[in-house]
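Given these sequences and hints, build the entire structure.
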Amino acid sequence: MSAVYWILGIPFAGMLYQAWRGDAPQAGRLNTRLCGLVFLASLVLAAEVLRQGTIELADLQFRVDAFNVYLVVLTAFVGTTTAMFSAPYMANEREHGRVNAARMRLYHAMYQGFMLTMYLVLTTNNLGLMWVAMEGATLATVLLVSLYRSPESIEAAWKYFILCGVGIAQALFGTVLLYFAAGQVEGIGEHGLQWSVLYAHAADLNPTVMSIAFVFLLVGYGTKIGLVPLHNWLPDAHSEGPTPMSAILSGLLLNDALYAVVRSKMLVDGSLQSPLAGHLMMGFGLLSFLVAALFLHRQRDVKRLFSYSSIEHMGIMTFAFGLGGPLATFAALMHMTVHSLTKSAIFITVGHAAQIARTQRIEHIRGLMRTQPMVGWGLVFGVVAIAGMPPFGVFTSEFLVLTATMEEFPWLTPLLLLGIAVAFAGLFRHLHPMAYGPQPAGQAPVQANLWPVMAHLGIVLWLGLSIPGVLADWFSQATRLIAGSAPL
Amino acid sequence: MPVPAYSVYEQAILFIAALVVFTSFLMLGQKRLSGMIHLFAAQGALLAATTALAAYTLPYPHLYISALIIMALKVILIPAMLHRLIVRLDMHRDAEPLYLYGYVMMAAAALVMFSYYVVEPIEHLSTLATRNAMAVSLAVVLLGMLLMITRRQVVTHVIGFMAIENGLFFAAVASTQGMPMVVELGIAFDVLVAAVIFGVFFFHIRSSIDSLDVDRLNRLSEVEP
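Chains as they are written, first to last, in my numbering: chain X, 205 to 692; chain R, 819 to 1043.
No lab work stands behind these hints, which were simulated from the structure alone.
All C-beta atoms, glycine included, are put in the ideal place defined by N, C-alpha and C.
Errors might be hidden in some of the hints.
[Stated by the list, open to error] Some residues of chain R that are not near chain X, with every Cβ distance over 10 Å (derived):
id, residue
1, E828
2, A830
3, K849
4, I883
5, M889
6, I894
[What the hints assert, rightly or not] Pulled a few chain X residues facing chain R out of the computed Cβ check, cut under 10 Å:
id, residue
7, W335
8, V346
9, I366
10, F377
11, A385
12, G387
13, H395
14, D408
15, T412
16, V413
17, L619
[Claimed, not checked] If you want the ones that stay clear, here's a sample from chain R, every Cβ over 10 Å from chain X, calculated:
id, residue
18, L844
19, Y874
20, L895
21, R902
22, D908
23, Y921
24, A925
25, V930
26, F932
Have a look at this one:
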């Protein structure tokens, strides 16, 4: 039995069990173990793909290739470490009376449910099912965003629900158009939504219909990626929900939405023979990057600050995927990895920092270095990494994006450099007083599990210093799938 | 120019398509929440009729199942649920003020024309009936969005959202003879769950801001005091 079934089955069973017993004292630990099991299964799956190439299952409903298998492993890894952090964090929140037993059940069940939808997005071969899973992810997380039931969190959840729901409906229209285009081609018939079949017939699909479809798909899934001007829900949802959820939203959901766009782009490129799709993505990506970098400066809420940073980095990735070409695609894939790892690590430290200061307001979070040096250092290293400083991996991937831009669109390089500088300044002016600064009276350390942070940042550092052979090989394979040729 | 000959099926689809857009316009002009819910149910019924018609005429028997699902979900279950909610929230007699009614209607008409313009390149690909169905469903999607933009009432937003899904279903049924069954079941499941969550949210929003007016959901903003 293929590991895909385990990867989908474990979170499903976990969701049902946690809905029943998710308030038990050991539920947090069970959550971690379930995610850990899926992580092991994902490694098995990766080994399978490495050994025998692309896997297709269940009448082509599931398909795992070099591109999505590494995202499955990444998703499982970040899901597991975030679950490790979430167990003591949510126990602490419960002690402070912010959540009760019923909401703990909801939280744990929806955590597993969200992981299930993420794995389904990544492994399914059916573009329709991918949409269903994406909408399912919205439904699972909307209840998590409103978990604290404060007026702010309910407002954020409502905004998230409506904007993402309407946004993603556009993606469904794009999917219907794809199916319509496939219906015009002989020999596709019933399989008109299966990605591998469509990809094989990409050249026969009608270019006009495909370009209209791509616009809808980009706008639809772009809402979910948080591309400007469709990003309004993102800072609210990330800042008002429980912190573990911010970590998985930033680290996983945005990646998976981008994955959907890149898959669509591969189809449209095959049909259109023109760079329309890439140029659209470049425009949206660059706009998101610049706008988010500017917004970093005026944030007062620490989680909002880092959610804008997420928009900024998703912008870079969308830009790089749009740029196309082996080098930019390689850089984008690497950036997806290092951003997920760094951003979830940052949200974990930020969660602890907010619990230490008992608020998310930046001006009240002070002197972390004195109160709990581990949290302070975690935040400093995390921000250094996400700002793109060497020797962390984010530097490497941003450098590669810049190199690729210089080759193809040299006149865009100054804009990118400017954005990176503005973002750097925005992050550091907020970081300095939070980490150093005088310590407010009555601030006490909290029980924290910083192993996930160290593991994530350690990997990001490692990727900055040297990319291990297996991974480089993997990125190259995925690049060959997306861009048509290997970068090296 | 010869008038194209339509089969009875195509004529029926065109007729229903016109009625579907008409219900969207009626929704834009409807003040009362209960009237809105009835219109939504009527649109669902038209959708179910289209699907059943397609199943009857074309060799796609699985569309009968889709028709049944649409009937159960969009004509009976969701409208009944919404109706019960507004009765429980004591809003079933509420009327919502319509702002800039004339402009909204003109914008709606413009959106319908825009939809035909967008779908125009598809014209030579397929029969005229299909093209009409595509344009109509895009129009219903856009009119649903317009409804959500111009209204302030949370319940109306939900109905606009569901009307958008109706438009998408219409596109799937009338132009591509329905999506594969597994996808359709998935979408139906999502819609059902979304409806339940919406119901939960009505009470949360009501208890947090003591009304269901989205203008009062304004705590989160970029510019802080």
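Taking 10 Å as the cut and beta carbons as the points, is R:D908 off the interface with chain X?
holds, 20 Å
The output says R:A925 does not contact chain X. Does that hold with a beta carbon cutoff of 10 Å?
holds, 17 Å
Far enough from chain X: is every CB of that chain over 10 Å from the CB of R:Y921?
holds, 21 Å
If we take the beta carbon of R:Y874, is the closest beta carbon in chain X still more than 10 Å away?
holds, 20 Å
Let me know if the C-beta of X:D408 comes in closer than 10 Å to any C-beta of chain R, holds or violated.
violated, 13 Å
Mind checking the CB of X:A385 against every CB in chain R and telling me if the closest is under 10 Å?
holds, 9 Å
If you take the shortest Cβ to Cβ gap from X:V413 to chain R, is it below 10 Å?
With Cβ-Cβ at 6 Å, under 10 Å, it holds.
Cβ separation check - R:I883 to all of chain X, threshold 10 Å
Per Cβ check, R:I883 is outside 10 Å of chain X; nearest 15 Å; holds.
Compute the least Cβ-Cβ separation between R:V930 and chain X, then decide whether it is above 10 Å.
holds, 16 Å
Per-residue hint verdict: X:W335, partner chain R, C-beta under 10 Å:
This interface hint holds because 8 Å falls under the 10 Å limit.
Least C-beta distance between R:I894 and chain X, which was stated to exceed 10 Å:
holds, 22 Å
Have a go at the X:I366 hint: is there a Cβ in chain R nearer than 10 Å to its own Cβ?
Hint on X:I366: holds, closest Cβ of chain R at ~6 Å, below 10 Å.
In this structure, the earlier hints numbered 14 and 17 are contradicted, and the remaining ones agree with it.
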